[in-house]
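**Q** Take a look at the letters that make up each chain.
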Amino acid sequence: MARRVSGRRQLVVTLIAWAIGLAIFFPILWTILTSFKTEAEAIASPPSFLAFEWTLENYAEVNSRSNYPLHFMNSVIISLGSTLLGLLIAIPAAWSMAFVPAKRTKDILMWMLSTKMLPPVGVLIPIYLMFRDFGLLDTRIGLVVVLTLINLPIIVWMLFTYFKEIPGEILEAARMDGASLWDEVVYVLTPMAVPGIASTLLLNVILAWNEAFWTLNLTAAKAAPLTAFIASYSSPEGLFYAKLSAASTLAIAPILILGWFSQKQLVRGLTFGAVK
Amino acid sequence: MLSPAVLLLLGWMIVPLSMTIYFSFLSYNLLMPGMEQFVGFANYEFFLTDPAFFEALANTLLLVGGVLVITIVGGTALALLLDQPMWGQGIVRILVIAPFFVMPTVSALVWKNMFMNPVNGLFAHLAKGVGLEPFDFLSHAPLFSIILIVAWQWLPFATLILLTALQSLDQEQLEASEMDGAKFGSRFVHIVLPHMSRAITVVILIQTIFLLSVFAEILVTTNGGPGYASTNITYLVYAQSLLQFDVGGGSAGGIVAVILANIVAIFLMRMIGKNLEA
Amino acid sequence: MGKISLRQVTKTFGDVEVIPALDLDIEDGEFVVFVGPSGCGKSTLLRLIAGLEDVTGGHIEIDGRPATDVPPAKRGLAMVFQSYALYPHMSVRKNISFPLKMAKMDPAEQERRVNAAARTLNLTDYLDRRPGQLSGGQRQRVAIGRAIVREPSAFLFDEPLSNLDAALRVNMRLEISELHQSLKTTMIYVTHDQVEAMTMADKIVVLRAGRIEQVGSPLELYRAPRNLFVAGFIGSPKMNVISGEKAAEHGAHTIGIRPEHLLLAQDGAWSGRVGVAEHLGSDTFLHVHVEGLDPLTVRVQGEAGVSHGDAVRLSPMPEHLHRFDENGLAVR
Ligand SMILES: Nc1ncnc2c1ncn2[C@@H]1O[C@H](COP(=O)(O)OP(=O)(O)OP(=O)(O)O)[C@@H](O)[C@H]1O
Ligand SMILES: [Mg+2]
Chain B
0 MARRVSGRRQ LVVTLIAWAI GLAIFFPILW TILTSFKTEA EAIASPPSFL
50 AFEWTLENYA EVNSRSNYPL HFMNSVIISL GSTLLGLLIA IPAAWSMAFV
100 PAKRTKDILM WMLSTKMLPP VGVLIPIYLM FRDFGLLDTR IGLVVVLTLI
150 NLPIIVWMLF TYFKEIPGEI LEAARMDGAS LWDEVVYVLT PMAVPGIAST
200 LLLNVILAWN EAFWTLNLTA AKAAPLTAFI ASYSSPEGLF YAKLSAASTL
250 AIAPILILGW FSQKQLVRGL TFGAVK
Chain E
0 MLSPAVLLLL GWMIVPLSMT IYFSFLSYNL LMPGMEQFVG FANYEFFLTD
50 PAFFEALANT LLLVGGVLVI TIVGGTALAL LLDQPMWGQG IVRILVIAPF
100 FVMPTVSALV WKNMFMNPVN GLFAHLAKGV GLEPFDFLSH APLFSIILIV
150 AWQWLPFATL ILLTALQSLD QEQLEASEMD GAKFGSRFVH IVLPHMSRAI
200 TVVILIQTIF LLSVFAEILV TTNGGPGYAS TNITYLVYAQ SLLQFDVGGG
250 SAGGIVAVIL ANIVAIFLMR MIGKNLEA
Chain H
0 MGKISLRQVT KTFGDVEVIP ALDLDIEDGE FVVFVGPSGC GKSTLLRLIA
50 GLEDVTGGHI EIDGRPATDV PPAKRGLAMV FQSYALYPHM SVRKNISFPL
100 KMAKMDPAEQ ERRVNAAART LNLTDYLDRR PGQLSGGQRQ RVAIGRAIVR
150 EPSAFLFDEP LSNLDAALRV NMRLEISELH QSLKTTMIYV THDQVEAMTM
200 ADKIVVLRAG RIEQVGSPLE LYRAPRNLFV AGFIGSPKMN VISGEKAAEH
250 GAHTIGIRPE HLLLAQDGAW SGRVGVAEHL GSDTFLHVHV EGLDPLTVRV
300 QGEAGVSHGD AVRLSPMPEH LHRFDENGLA VR
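First to last, the protein sequences are chains B, E and H. Numbers 0 to 275, taken from numbering that gives the first Met the number 0, label the letters of the first sequence in order. Numbers 0 to 277, taken from numbering that gives the first Met the number 0, label the letters of the second sequence in order. Numbers 0 to 331, taken from numbering that gives the first Met the number 0, label the letters of the third sequence in order.
Isolated chain B, as found in the complex:
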């Protein structure tokens, strides 16, 4: 509904929008600011907004005193691993559904989607018991497998909607131009599909990074990603605001940055193409 409007109105809109935007962002901003305070300043009353002594000691301490780097690596391995594994399985599936659709294709897609609607508690116990029996509890590989499976429907769907947008006539043109199946894949399809695959990867890394049901239930220490590590601050002795803030900032910063790049894909991916 963007329209030509008077400068006065635009100024008012700008002020309101910035005020609301900053209010919504404030908890994140506050966390970032607190991460640079000393513990004493972090709980000082009245709190100081910017006029405090900036320090990096919390970051140093989070890094040295806890296993922060281990958990960060766990997050990276689990989210990237599950996404890459998911793509590996999903690309051929989405591919064949988009380019060689059969009568069943639509049913299969819908069914895949329906698995996403299965609430995790419905399968928590068997998965937990199986993990216990197979020694997968608190292992990265176990989490990679579970996160791959829970995000597979989203990956297939996103890829499907992207592949679907590659016009069939282009492939026919390539065939007329003498491209073999291999040439078609290498010179035409892959370059056209790469942006879609990249967006899918991005969104899925974000989802996996922030997943907090399975990561909390299936890990304890060794394989705990940041979600679970941060949760350990909920105990009373974790009431060190500055350190909590530093750990939190480190945990959310990479994903905030990735997330800002993926706004559009987010809409498509999370609505399964229902809103574009």
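25 Å max Cα-Cα, derived DMTMM-like pairs, lysine to aspartate or glutamate: (1) 93/H / 183/B; (2) 100/H / 168/B; (3) 100/H / 171/B; (4) 263/B / 82/E; (5) 100/H / 183/B; (6) 105/B / 14/H; (7) 103/H / 183/B; (8) 100/H / 182/B; (9) 163/B / 158/H; (10) 163/B / 52/H; (11) 127/E / 40/B; (12) 237/H / 259/H; (13) 73/H / 171/B; (14) 73/H / 183/B; (15) 102/B / 53/H; (16) 263/B / 169/E; (17) 103/H / 182/B; (18) 102/B / 14/H; (19) 163/B / 53/H; (20) 263/B / 171/E; (21) 93/H / 171/B; (22) 102/B / 16/H; (23) 93/H / 164/B; (24) 2/H / 171/B; (25) 103/H / 168/B; (26) 127/E / 52/B; (27) 103/H / 171/B; (28) 93/H / 182/B; (29) 93/H / 168/B; (30) 73/H / 182/B; (31) 73/H / 168/B; (32) 105/B / 52/H.
Here are the computed distance ranges between Cβ atoms for each label pair: (33) 170/H / 192/E: 43 to 49 Å; (34) 61/E / 64/B: 38 to 44 Å; (35) 69/B / 134/E: 35 to 41 Å; (36) 184/E / 166/B: 39 to 45 Å; (37) 280/H / 192/E: 48 to 54 Å; (38) 37/H / 184/E: 42 to 48 Å; (39) 64/B / 192/E: 52 to 58 Å; (40) 5/B / 134/E: 39 to 45 Å.
Hints were generated in silico from the structure; no laboratory data involved. Built from N, CA and C at the ideal position, the CB exists for glycine as well.
Given the structure of chain B, go ahead and fit chains E and H with the ligands onto it with the hints provided.
**A** Showing chains E and H with the ligands alone in chain B's frame:
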């Protein structure tokens, strides 16, 4: 080429789910291994007549409903606002969307400690600043506090999708209605809202699916308490099975959760299915 | 080079027969246009020739060699699609040279051919752009460029101009005609557009529901349509079709008379009243209501000097009267 994905998902669906169904008919406690026996619907009877179940069900509905109301109303308003011409639109958009990318445990802990804590939280400082008694959010209004936290996380999602829908609204349609003499209010009711109704439905359905399974926020803020005051079905099942080791009862609860989610899912699938044909 | 024959070719999708057994011969160097109503199978026929669809039955020969089981790229044909089907991630140069690259042609030769095609098509200044940065007409030219560099034995066009605006269409029509003149390569061209069909074709193939209704030069079809369908399909505005008493007077079940063959005359046989008069400047189309008939269209050169509501008398030119029997077949 399809089969690996299909087989894996099929396995993921069927194996654990049928195990859950099987367990739900057993008396099975992890602390008493080897004592499993078939008890019919006793677990369901027990779970469904437990007062905790009703409290959890009510909490689940309140949580889902509350967050939906806040995010849909707020999201629509924000989308309308963000669609106006302004300076720094891209930055405001980024600010508004940011909470969605914060992992649930972080946002829950940040809100719990740094904002809602009755001693050191920012809200307590503010209250003291204006001479009020600090309010202990998580003890006295635990569910409300959790609704607030979850709504903060999901408001960006609703806003982003509604904004996308709003931007796809045909300019000419609006201009035509303006030519027909429609005021802003009636343009909103008769043109903008119907155009967005589909996106709103999608937001409601998808959020419902996720909100039914809210877990981490409860775990790190209140542990479902005090009592069952902030326990939802998901958390109740978790507590029953992994804290009390009652696999049979927890499984019955899990199946109940699956049935509840399916009711929502049916509507969602219809909508998405229709879209697939278009 | 470029002779194409279809023998008893059929095509079914599922259990829908889109093309019942069809025979067609296209001579080397001919410009053949397929016309027919939407859904009649024009594109399907073209795609069968291209090899993008497999025939259900029958044989296709190209240059006297069986081509039925030859893959599209090996048939030596080039196709220009309605949507252009350019590769969006490649520059114009890469788009045009793609078929040559696929043929593993020597890069210097590729370069030479791309430059020659670009010169022919006025694309030299755009060679390093992406298709997204071109106008519709330029994209169309790139698609044609991609086709000509291969020096195919025949070109296939599926409604190549339908996405262009009217003025550009006229231009591109001329350009394609010129291309045909200079290359003398067989071209098969699908269109909905009367003017394109009449002006470009050496031979028009009129299709209905997958069947060939008539094949002939534009003027043959205009002068001697084999049946009512072809009569109504070729020519614009449409031929007036009259049956009943007035047709019987001329010894036919149905008669047809083109708007340009109806004269306004004092002593005309049919009297009527003018409804809408469409003034095009060069011509005027009068819609005349005659008692007991559907409105007749009359084409008058220049200004007609009659207007809405005037009483007029019409006289059909007897040598241009088409007679049809009860099956709609022309009677000679
Ligand atoms: N892949 C397909 N599967 C099933 N039916 C098809 C397929 N392709 C075409 N058809 C059907 O075959 C018939 C002929 O289609 P075709 O595209 O050849 O028509 P056309 O003459 O090119 O029409 P238009 O002028 O609208 O382009 C149509 O009824 C169409 O529905
Ligand atoms: Mg067609």
